[in-house]
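Heads up, the sequence shown is in the UniProt record's numbering, so the first residue is 1 and it goes up one at a time.
Not one of these hints is a red herring.
Computed cross-link-like contacts, SDA-like style, restricted to lysine to any residue with a CA-CA straight-line distance of at most 20 Å:
#, residue 1, residue 2
1, K267, E257
2, K111, V59
3, K265, L255
4, K61, E109
5, K149, I136
6, K123, R177
7, K61, N101
8, K244, V254
9, K159, I214
10, K80, D97
11, K265, E231
12, K123, I136
13, K123, V59
14, K61, E115
15, K111, N182
Calculated directly from the structure, the hints in this document are not laboratory data.
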Amino acid sequence: MRASLLTLLFACTIFNFSQAQDLDLPFVLDAGGVPECIQACLSDLFYSAAELVYLQNPVEKFRELCRTYDNSSQCIEDQKDTCYQTTIFDIALSGLDEVCNEREEDWMEHKDCLEVHSEVVLKNCDHQCHFTDVMITLSGKGNPEGLQKLQEDQEALQKELATVCTSFGCMSSCAARDLNINCSPVGTIIVEALLKPFFTIATIFEEIGPRAKISIYRQVPSQCYYLVDYEEVHGISHGKPPSKMTSKNPEEAVLNEITTKEEMKQKKKAELEKMFLMEARKGLFFAVLKIAVNKQEDKDNVACHDVEGQNSISCTPLTTLSLLFT
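Hey, can you work out the whole structure from these sequences and the hints?
Now the structure itself:
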């Protein structure tokens, strides 16, 4: 639960371009469950992200963020012998590693286009998704006690997380879609990379099976379920908003997912069987026709017919016809 909150808060900070500096960072890190032994490693990274969100010289700011991430990553690595809770943060920050290292060349090819369109795109998406307002509310409008009260009141925290997940899904898919419209395919490249933590978690659950998700579903509101669904996360990175969850409880959500996957499996099976039968019938037709042609060739190797008005018979070789079925 706390790891999910940390990942969301960090991703949200990157997108939030209004009052990121109002967050009480040490308190946010405490609330997110970040152990003190690596808080110093992450503080510069969060502040660097806050600088990025103003979108002045966004590409250069993002490169600065990546340099800060590399330093933070090395700092966390150096703490692994004495700090035993670092692995989860490797996963939580793997999106930055992906966009800063693995796919940097991919999005840097669109640097000029991003500098022209990124600010307008993100502001329009924020207007549509109310993302800044949601984050300011979650952070207690700069008041640490506000976030602390959420941590102590699970019902209130669930309500706020529901709003965050809804807004985050809207903002991410909107950014991917609109950046793709202007600078295709950079929207998908960036959002897909930043969502890597959720791709990783969703992939694990895809391998284990839907029933394993129930422990996660019991900790988060239904509006956050899409974060552990591979198809949903993949859709977001291509500009598709998360599906609205209609399940009343975690058990129903898991059952619906199992039913949906089984229906898709049966549908795919039926389609494959239909294609196989069509190909089989097509193959059988040509096989029979080929046999007939071969038999005729074996008989006389010619096709003969009476010539009208003449007392003669014309015979034509079947070689050309038979080649069509060889």
